[in-house]
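*Asks:* Single-letter residue listing:
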Amino acid sequence: MEAISCRSLRVNFGSTEVLRGIDLEVPKGGWTTVVGPNGSGKTTLLRSIAGIQASQGVIQIDGHSLGAFNRREVAKQIAIVPQQPVIPDGMRIIDYVLLGRTSHLGFFGIEKKSDIEIAQSALEELDVNFSESRTMGTLSGGERQRVVVARALTQGSPILLLDEPTTSLDIGHQQEMLEVVDELRSRLSLTVLATMHDLTLAGQYAESLILIEQGQVVASGSAQEVLTEDLITRHYRASIRVIEDDSGPIVTPVRRKNSNSLE
Amino acid sequence: MRASRNKDKEEKLEAPAKLKAWWLVLAATTAVVAVGLGLTLGPASLGVREVLLEVLDRLPFVDYDSGLSEREQAIVWEIRLPRVVLGLLVGSMLATAGASYQGVFRNPLADPYLLGVAAGAGFGATVAIVSDLGDGIGTFDAVPMLAFGGALVAVSLTYLVGFSARRSDPVTSLVLAGVAVASFFTAIQTFVQQRDSETIRQVYFFVLGQLRTAGWDEVILVSPYVGGCLFILLLLRRRLDVLAVGDEEAGSLGIDVRLVRLVSVLAASLGTAAVVAVSGLIGFVGIIVPHTIRLIFGFSYRIILPLTILFGGAFLVGADLVARLVLEPAEIPIGVVTAFMGAPFFVLVLRTSRKL
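The listed protein sequences derive, respectively, from chains A and B. Numbered by my numbering, the letters in the first sequence go through residues 78 to 340 in order. Numbered by my numbering, the letters in the second sequence go through residues 121 to 476 in order.
Since the hints were derived computationally from the structure, they do not count as laboratory data. On a predicted model such as this, the values are computed, not experimentally measured, just so you know. Check each hint, because a few of them may be wrong.
As the list claims (entries may be wrong) - Partial list, derived from the structure: chain B residues whose beta carbon lies under 10 angstroms from chain A: (1) 136; (2) 140; (3) 226; (4) 356; (5) 358; (6) 361; (7) 370; (8) 372; (9) 374; (10) 376; (11) 377; (12) 418; (13) 420; (14) 422; (15) 426; (16) 446.
Glycine is no exception: its CB is placed at the ideal position from the N, C-alpha and C atoms.
Using the sequences and the hints given, assemble the complete structure.
*Replies:* Right, dumping it as structure tokens:
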């Protein structure tokens, strides 16, 4: 059973076609990562699947059409970590993370003890120092990122969409974050769909990669199939080398001196 | 390792934003003190003790002789109390509407007049005054009626214009539509007013705001609106917290952003239109009170809204007291008092609004 499936998904911004017929299958409990150069439509793809971007074509969540869900039902199915989350500086961290429980609360919006425990354990999972009445404005870039992920976990949805989850993290925190997500995924049987710029990390954590360019899928499959020198050079217009390692392909940039340089 | 690192933190886990009981008690006490002062201070000097006994006397099963003459009793019951109660209602409504607008528009400088309520009410009142339809006193006088109508027309127009803009950012279009509609109504209002210079003074007093009462009429007129609108806004308090992360994220968390915005803007605008109709355009309450509460008590609307209701009412009763007493027996328009305190405060808010 597919957790997410898209058929000829299209999105236009005015006359610009951002997604031009994307077909996509994300297996339940799997980790799929979308890669592609800047402006290829990765974020738009995630936003469409989360139902916050209008699109044409078919999006099915767990076999049901996305359009048949209301906002609350979508939130119970899908949690998204946006690339640039809006951070209300004055809000306390625990209150921010508790926003994740919104779709589970009744009409009066009062959190139960269980809701608070869920939020607190999500913060612990992500190892955020939130013990004092710290507000969002006091967080470092890395802490902020982890708090946003904690909010998404608190949502308790089976599908987790991560838009560039490691952008503002150092290399150690990048690995830690991805490890935490992977551990939670297997423990809670979450389905993860992410976008990433770091191709090496993308290949090490995802079970399958989808390479898109100009709103179309140009390659998909395992890391070995997608992270090839040929595909990356062509679609990223980059000068790279791929080194095979036990953990998967390592994509590293190489500088080629061109003939016009001052040598 | 992760688990062990977190062990020692468990004791200190924070509870979510909660309104502390003593804050409510403090706010309620402030309101009661303001009401007490409002009842006892004024041109006719009545003793605190006598007024207190007089009030107690009216409670069921309580019998005291306050020693006040019939005339003095009338001052308490027919002049001061209605005015104080009106102050409470108007202050609560303006402060709470301001707080809600700030949440809905994610703009610390949003006030209850953002979407054209003031300009519309000013226009309606001016038309009523200039055409000599009423003098602004009484339940079914033309001034509050037309002011109320004008305010509602202006807000509806703002909403229609804002939505027809179809921009990607509906909040900005609404605010911009509000600016356009407000200047349009102000322009016609000024034009109408200029053509009839004899009534300028009366229009001027409406624009500055005044808690003028004729017995209990005004209180009876506005209390259903204020009560209903405050109740709706209180119900929305957690949803207003969710809006702090922006329309898109609020949507992905399961909130119907358009509906929440529509209902809260309607409730805030309807309540504001009602109080503006009887009290004129009292400024700054909607900014001073919610920001002070935010700075002192906390960011969450679960804290802000209940406290703005109480402190907002108390603040306006206090401001009205100042307006009545400073140039006794003459009165300063209450809008002058709130703006005199509000303008310096505005600077403070600007300097600290990074917190928002």
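*Asks:* Against this structure, judge whether each hint is valid.
*Replies:* Okay, the hints, checked on the actual structure:
no.: 1; hint: 136; verdict: 5 angstroms, holds
no.: 2; hint: 140; verdict: 13 angstroms, violated
no.: 3; hint: 226; verdict: 8 angstroms, holds
no.: 4; hint: 356; verdict: 9 angstroms, holds
no.: 5; hint: 358; verdict: 3 angstroms, holds
no.: 6; hint: 361; verdict: 7 angstroms, holds
no.: 7; hint: 370; verdict: 8 angstroms, holds
no.: 8; hint: 372; verdict: 5 angstroms, holds
no.: 9; hint: 374; verdict: 3 angstroms, holds
no.: 10; hint: 376; verdict: 5 angstroms, holds
no.: 11; hint: 377; verdict: 8 angstroms, holds
no.: 12; hint: 418; verdict: 8 angstroms, holds
no.: 13; hint: 420; verdict: 6 angstroms, holds
no.: 14; hint: 422; verdict: 8 angstroms, holds
no.: 15; hint: 426; verdict: 14 angstroms, violated
no.: 16; hint: 446; verdict: 36 angstroms, violated
Hint check: violations occur at hints 2, 15 and 16; the rest are consistent with the structure.
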